[in-house]
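Take these sequences, add in the hints, and give me the full structure.
2 protein chains.
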Amino acid sequence: MTTNILALCGGVGGAKLALGLSRLLKPAELLTVVNTGDDFRHLGLHISPDLDTVMYTLAGVADPERGWGLAGETWNFMRALSRLGGSDWFNLGDQDLATHIYRTQGLQQGLGLAAVTQSLCASLGIAQRLVPMSDDPVQTIVCTDQGDLPFQDYFVRLACRPRVRALRYAGADTARPHPDFAALLGNDAPHAVILCPSNPFLSIDPILSLPGVRAGLQSTRAPVIAVSPIVGGKALKGPAAKIMAELGLPATNLAIADYYRDLLNSLVIDDIDAHEAPAIEKLGIEVRVVNTVMRSLQDRVELARRCLEGTS
Amino acid sequence: MTTNILALCGGVGGAKLALGLSRLLKPAELLTVVNTGDDFRHLGLHISPDLDTVMYTLAGVADPERGWGLAGETWNFMRALSRLGGSDWFNLGDQDLATHIYRTQGLQQGLGLAAVTQSLCASLGIAQRLVPMSDDPVQTIVCTDQGDLPFQDYFVRLACRPRVRALRYAGADTARPHPDFAALLGNDAPHAVILCPSNPFLSIDPILSLPGVRAGLQSTRAPVIAVSPIVGGKALKGPAAKIMAELGLPATNLAIADYYRDLLNSLVIDDIDAHEAPAIEKLGIEVRVVNTVMRSLQDRVELARRCLEGTS
Chain A
302 MTTNILALCG GVGGAKLALG LSRLLKPAEL LTVVNTGDDF RHLGLHISPD LDTVMYTLAG
362 VADPERGWGL AGETWNFMRA LSRLGGSDWF NLGDQDLATH IYRTQGLQQG LGLAAVTQSL
422 CASLGIAQRL VPMSDDPVQT IVCTDQGDLP FQDYFVRLAC RPRVRALRYA GADTARPHPD
482 FAALLGNDAP HAVILCPSNP FLSIDPILSL PGVRAGLQST RAPVIAVSPI VGGKALKGPA
542 AKIMAELGLP ATNLAIADYY RDLLNSLVID DIDAHEAPAI EKLGIEVRVV NTVMRSLQDR
602 VELARRCLEG TS
Chain B
302 MTTNILALCG GVGGAKLALG LSRLLKPAEL LTVVNTGDDF RHLGLHISPD LDTVMYTLAG
362 VADPERGWGL AGETWNFMRA LSRLGGSDWF NLGDQDLATH IYRTQGLQQG LGLAAVTQSL
422 CASLGIAQRL VPMSDDPVQT IVCTDQGDLP FQDYFVRLAC RPRVRALRYA GADTARPHPD
482 FAALLGNDAP HAVILCPSNP FLSIDPILSL PGVRAGLQST RAPVIAVSPI VGGKALKGPA
542 AKIMAELGLP ATNLAIADYY RDLLNSLVID DIDAHEAPAI EKLGIEVRVV NTVMRSLQDR
602 VELARRCLEG TS
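Going line by line, the protein sequences match chains A and B. If you use the working numbering, the first sequence closes out at 613, no skipped numbers anywhere. If you use the working numbering, the second sequence closes out at 613, no skipped numbers anywhere.
Wrong hints could be hidden among the right ones.
Chain B is nowhere near these chain A residues, computed Cβ spacing over 12 Å in every case [to be verified]:
id	residue
1	Asp397
2	Gly513
3	Pro540
4	Ser597
5	Val602
Computed beta-carbon distance windows for the label pairs [what the hints assert, rightly or not]:
id	chain 1	residue 1	chain 2	residue 2	range
6	B	Arg324	A	Gly448	50 to 56 Å
7	B	Gly413	A	Gly368	36 to 42 Å
8	A	Ala516	B	Leu412	53 to 59 Å
9	A	Gly513	B	Leu412	41 to 47 Å
10	B	Pro480	A	Pro365	24 to 30 Å
11	A	Gln409	B	Ser383	17 to 23 Å
12	B	Arg324	A	Gln409	39 to 45 Å
13	B	Gly411	A	Pro524	50 to 56 Å
14	A	Arg380	B	Leu412	22 to 28 Å
If you're looking for bench data, these hints aren't it; they were derived computationally from the structure. Because the structure is a prediction, the values reported are computed rather than measured. Just so it is clear, CB atoms sit at the ideal spot from N, CA and C, and this is done for glycine as well.
Okay, structure coming up:
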């Protein structure tokens, strides 16, 4: 096993850092484990939003503006489905649909999600190893003032409007972590574990909730380094700050540090939040103050470089 | 029951005549029963090629050149699937895919094929009644010198190259004809039954092979009128003439008349084949000599008018 770096990630922010890491490490040196709590069945298809975002980002075919889906996408399927009175609240591009149909068919034929992902990555020319957190289904449920909602209902259909009271990850208690992931939580400890700047509740917690993962990260000899998704009191993308407020947490890096306190050795925060460093360090967590806003490829590589500092 | 005319049809030729009939009859006066022996599962989707061709033709959205699928279609899904290494021998347009996904989802939810078809027709603005021959699966199997082939393997993947030895319709012995269709074979006889100019072996026989259908058409008091798919010794479209040759039948209207002899009161043949009329009439079958080549909408309506002559 040559894996030096284990990265846990969700969608957009995580994908950007995974891309940065992929430019600094040989393919075999990095294992990226992706959240599948957002996966759902829609229109008879198995959709894995975070896996797709990371795959498309690593393959260089992600849409740079929209934050999801493919560049140069067309929407003729969606318009036709809408005309037929089909369900059209979740947008699926014509090219993106090929991924969902390919994956769904593979799963129907008895392949696991990891095997289908490996095959998709090969076709997309991705050399890095990318695995779903588990082949077993885990479903993020958002408990809100409008009742318990499957993730995509909360996130897309209701545009994150309901107030979040709690989250749960249905199936996580029995889902088996991907074996390559599980191996890195045991004696084959990597040189570092990186929690990407993804939503703690929606992207990282589903992974941590798998059997043995949290305990493995608590006891691993590898340093655990998180990149905070909070910059200047806001989330760069998505509802992290809104959910923190609804859960009674301030939208600060200190709150992120405290939230991951049982796992964390280092927290990477943005320059703009340098003033938070002393309070975080009081928790016994090292702070790295850097630019965490990844606008360019150079930003991604530079943030990855800062995450890897001292780990080789 | 106000149905005056029962039309049995397959794909392109049948769809054209159904369109012509739809311009002469009120929606309630016509029931079009469509072959589903070509239906198959592909990429996890339930595809009903003949139903789609008839629906798209009646809705005025069929591609006029290609003979299948939608006008103004795009192929971005197919190209993306091809890049992923997915199965790409059967072309599915981006908009057409909406029909397949809508149908597959409806079937997965427990609706019958007829109910899903009704819903699709309503969305497409089709007033005419269009039903699959059965909600139960029937699979046309082409027995060839390369073995027994599911229809689409023979028709699309192998481009009708194998030599046909026989045909069978798996499931037809137990499939129940659509109830509205079955009713017209009993005491509620229509004013006429029209066998559209579709392939006898691939489109009409699967319908005739359902329990009670052939016997019902043999005994009905309604005249049974077929439009021959053979013009000048050739099929206008598809492999009808090739299959007739392989089955030891000449590609003539006389052979078509003889093939349907137990059912038929009248055969409609093309002007170019007028010389065949006396031999066909000797079988006790009335012959109508008309233009059966439907290039324009006017041709379709005129052929429909000639089929309906004497039936009101």
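Against the structure, the hints:
no.	hint	result
1	Asp397	violated (8 Å)
2	Gly513	holds (33 Å)
3	Pro540	holds (29 Å)
4	Ser597	holds (27 Å)
5	Val602	holds (27 Å)
6	Arg324/B with Gly448/A: 50 to 56 Å	holds (52 Å)
7	Gly413/B with Gly368/A: 36 to 42 Å	holds (41 Å)
8	Ala516/A with Leu412/B: 53 to 59 Å	violated (47 Å)
9	Gly513/A with Leu412/B: 41 to 47 Å	holds (43 Å)
10	Pro480/B with Pro365/A: 24 to 30 Å	violated (55 Å)
11	Gln409/A with Ser383/B: 17 to 23 Å	holds (20 Å)
12	Arg324/B with Gln409/A: 39 to 45 Å	holds (43 Å)
13	Gly411/B with Pro524/A: 50 to 56 Å	holds (53 Å)
14	Arg380/A with Leu412/B: 22 to 28 Å	holds (23 Å)
Figure legend: structure checked against the earlier numbered hints; hints not met, in rising order: 1, 8 and 10.
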